[in-house]
Amino acid sequence: MRRRTFLLGAVATAGGVMIGYRSWSGSFERAARSQVEGPGEHLLAGWIKIGADDIVTVQVPHIDMGQGVHTALAMMAAEELDADWSKVRTERAPGEKTFANRFLARGWIMQNRAVPAFADGITDMVFTEAARFIDLQITGGSTAVRFTGRAGMRIVGAAARGMLVEAAARRWNVPGVRLAARDGVVTDPATGRSARFGELAEEAAQLSVPANPRLKEPREWRIVGTSPTRFDIPAKTDGSFAYGIDLALPGMVHAAIRVAPVHGERLLRVDTGPAEAMTGVERVLPLDHGVAVVAKSWWQANEAMLALEPEFSTEGQMVLSQADLEQRQDQALGSEGSSAHAQGDADAALETASAERIVEAVYRVPYLHHAAMEPINATAQFADGVLTLWAGEQDALGAKALLVELSGLGADNVIVRGLPAGGSFGRRIAPSADYLRRLVPIALAMSPRPVKLILSREEEFTHGAYRPALATRVRAALGENGLPTAWSQRFLAAPTRNEAFVLPYAIENQSLRSIDFATHVHTGTWRAVAHTQHAFWTESFVDELAHAADRDPFVYRRDMLPEGSRQRRVLETAAERASWGTPLPAGTGRGIALHECYGTWVAEVIEASLGEDGGPRVHRVVAAVDCGGLVHPDTALQQVEGGIIMGLSAALREKITLEDGRIVQTNFHDYDVFKLEDTPKIEVHFLESDAPWGGLGEPALPPVAPALANALFAATGRRIRRLPIADALAETA
Amino acid sequence: MASMTLRVNGEAIDVELDPAKPLLWVLREELGLTGTKYGCGVAACGACTIHLDGRAVRSCILPADAAEGAEITTIEAVSGGAAGVAGQLAQQAWIEMQVPQCGYCQSGMIMAVAALLGENPNPSDDEIDAAVTNICRCGTYPRIRKAVHAVARHMETAS
Ligand code: FES
Ligand code: FES
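Taken in order, these protein sequences are the chains called A and B. Take 1 as the starting number for the first sequence in our numbering and just add one per residue. Take 1 as the starting number for the second sequence in our numbering and just add one per residue.
Don't read these hints as lab results, they were simulated from the structure. Every residue gets a Cβ at the ideal spot worked out from N, C-alpha and C, and that includes glycine. Do not take every clue at face value.
Result set (DMTMM-like, lysine to aspartate or glutamate): computed pairs, CA atoms no more than 25 Å apart in a straight line [unchecked claim]:
| # | chain 1 | residue 1 | chain 2 | residue 2 |
| --- | --- | --- | --- | --- |
| 1 | A | Lys296 | A | Glu199 |
| 2 | A | Lys681 | B | Glu127 |
| 3 | B | Lys21 | A | Glu282 |
Pulled a few chain B residues facing chain A out of the computed Cβ check, cut under 10 Å [said to hold, decoys possible]:
| # | residue |
| --- | --- |
| 4 | Cys45 |
| 5 | Ile135 |
| 6 | His154 |
Turn these sequences into a full structure, and let the hints guide you.
So, in C-alpha cells, the structure goes:
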C-alpha cells in the first residue's frame, strides 16, 4: 500500500482541528467545517465525529438500500476506535466531492492494485471512465465493505483512537503506550485513572493525526465478526423509516410523467386540456420525450395523466419484436468484435480437432428489470439559484454531475441529498437515471416550489435500465481425457465494464471475443451486472462439456481447478454439503455451478425437478461462499439469501420483451417475481480465507441460473440454452 | 369532492376528498401516514396492505368511500389495542431475526402476517404461503417464514 494515498492531514480551525486527507485539504476544510455541528463536536479523520456526550457518529458515504452497509462500516470504524458500540451512530455523508469515496475509487479502477500517480489529482480526470469512478460515492458493485470499510473506515478509526489515547497521555503526563482503550474509555492500568472518549475529544482534536495508525489483527477483533442489531431495522418494522417517496417539503407539488413508450422517441403533440381541467392539477408540461402533470397530490397528477393522449414519434431504429432481436443478435455474433482474452491458439486447436470432439452452442439471456419495491422517485427544487435534489441515488456524485449538465448551473449551485432507497439493485445510478433528465426541467418550471416526481409502476416497468438481452456462441474441443483443450467464444456485450467472461478453469487454448451490442432499449447495471449472463453461459457450457465427455460435472470442474485454491475449496464444499452423488427421488436432478464476482467465490448446488404441470420446481439450494472475511455474519447471510432468491426468480421466469418496439411488461402481474411460496430451502456455508475481502450483495446471484439449468438437465435430459427457464422448457416440451 | 369520516387507528377523522381516491393515497397524502407503501397500485404486491376490521386488505385499489364505517388500522398502529398482540409480536420477531433488508415491503408484510396470526395463531407453511403473497424483491422470505413461526410459538406460550 502506498502511504501517500492514505495520508491523513490536519487543518487548524477555531477551537480545534479537523482531520482529512492532505491531498484534498482545500475543499476538505470547507466541507468538514460545515459538517461539525456544535461546539462540543469534533470531526476526526474525515469520517468520524466524537461528541462531548460520547456519541460517536460515523459518516457513511453510501446510501441505505438494504444491505446493512451503514452498520457494517460503522462496525469497522468502531472496532479500530475501540468505541462503545452502544454509543455508535451513523450518518449519511453529503454528496460533496470532498467526501468522494477515494477508497472505493481505488478498488474499482485498479482491482486492488495501487492507484497510479495520474489518479491522485481527482479533478483533472473527468474525461476518462476511470475518473467517473474517482468522483464516486457509489453504492454498488459490492464495494462498500470491500473498499470503504477495509481501506477507509478502519484506518480512520485507528487514527482517531490514536489521537484519543495521546490526548489522555498528555493529560496525565504518562507515555501513551501504557494506556489502554476499550468500550469508549481510555484507562491507565498503572494508576486506574480513566477518561471517556467524549471527555478527551476536544483535546484530541488539538493533536496531529498519526500518519501510520496500527490496525488490529483479526484475532483482536471484538465487534467485527459479531452480528449486532442493524441500526436501520427497528424503524423498518413500524412504518417510521422514511424513503425518498415519503419526503415531505413545505410547498411541495407532485409530478407524474408519461414518456414515449418506444425508448428514445419524442413527443409530437399533446392536448393538455383534459388534464388541466381536473381537480388539483397545477400544470401540464410537454417535455422533449414525454409529458408531465404537476398537481397538489401525486394521485391527482397520475389520474390526470391517464386522461391525456400524447402522440409520439416513431422514427428511430427500433427493434420491433423478440424475433427481430434474435436476428440482430445472430447477425452481430457473426462479426469479429475485439479480443477480451486470448491464450494459446484456440482456433488452430479447434481446426485440427475431429468433429466428434467438438461441442458448440448458442445461449441467450433476456432483458431484465430491477423491479425494486420502491417505485423510482426523486424530489428537486430550484430556488435562489440553487438546484437541490433529494433522492436515493446510488451514485450521489454522478447524480450531481448529471444535474450540473442538465441545469447548466455551476457545481456549487447544485446540491444532492441522499435518501434511503427501497431497493435499487443497480437501477439508480446516473447516467441510467433518465428520470432525473425528466425531473430537472419540471423543477425549473415549477421554481421555487419543490417537485416530487414518482414514476407509476407502469411507467417504471416500461422505462427501466434493463439488464441487456445478449447472446453468445461458444465452441470447445475435448482432449483425450475429456477435458477441454480449446475454448472459443464470441459474446455480445453492452458498453459497460466487463470482467465476468474470465474462465475459472485451466484450459490451454482460449479465445474470447467481445462484440458491442445495443438496441434502442435503455439498458443499465442490474445486480452483478455482466456476471449474470456470463456465469450462465460459461457454467452451462462447461456442464455440456462434462456430459459430452461422459464425466461427472462436479469432478470434471474440480479437475480443472488448482489444488488448494479458494475456488476448488468452494466447489468441493458446496458438493459435499449438498451430498453430491447420493441418490435423489426419481425425476429430481442436481446441478452445480461456480463463479467469481467482485473478489468472492461462490459455488452452488441446486436440486430441481419438473412438477406435475411440467413447470420447474426448485427444492434446495446449497451455497458455499468465500468472501475473505465477514464483518456482520448475519447481514452477509441475508445478502446471500437475497441474491439467491433474486437469481432464482430471474432464471426461472423473469423477462422483459418487445412488441412494436415497446416494452410489453407493465406491472407485477406480467413480470412474475418470486414470492414466499416459491422460495426453496437455502443453506449457506461461509468459508473464511485470507484473501482480500470480496463483495456479498451480488456474487451469490450469478451461479444460480446455471446451477438450476444444469439441475434440470440432470433431471430431464433437456439442455436449457435460453432464459427464462420456464420459456425454454415450454419451447422444447 | 365529498366529506366523510374515516376511522383510522382508533380515531375518527373528517376528510374532504374525491371518494374514488384509493385509501392508500388518502393515508399517505391526506393523513401523513406514510408507513403504508405504494408498490404497484394494482393489488399485485401487497406493499399497501392495511387492516380493515382486522382483515388484511390491499389499500391501493380500495376507494376511500368503501372504507367508510370500517375500522382502519395501519402499520403505525398495528401493535396497539387488544388486537395488536400479533402485530407487536411480529414487530419484535422482525427485529430479533433481522428480517428487513431495504424494508420497503415490510409494512405490508407485517400487516399481512398480523392479520393471518389474528385469525390462525399457528399456521402451517402452506397456510403462510396462501396468506402472505406480498412481494419482497430483496428476498427476505426465508426469514419471514421463520419469524412467523416464532410469533406463533410466542402466541402459544402466551395464551
Ligand atoms: S401497492 Fe397495493 S398491492 Fe401493490
Ligand atoms: S426488504 Fe426490500 S423489498 Fe422486502
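Hint numbers the structure violates, sorted upward? Violated hints: 1 and 6; rest satisfied.
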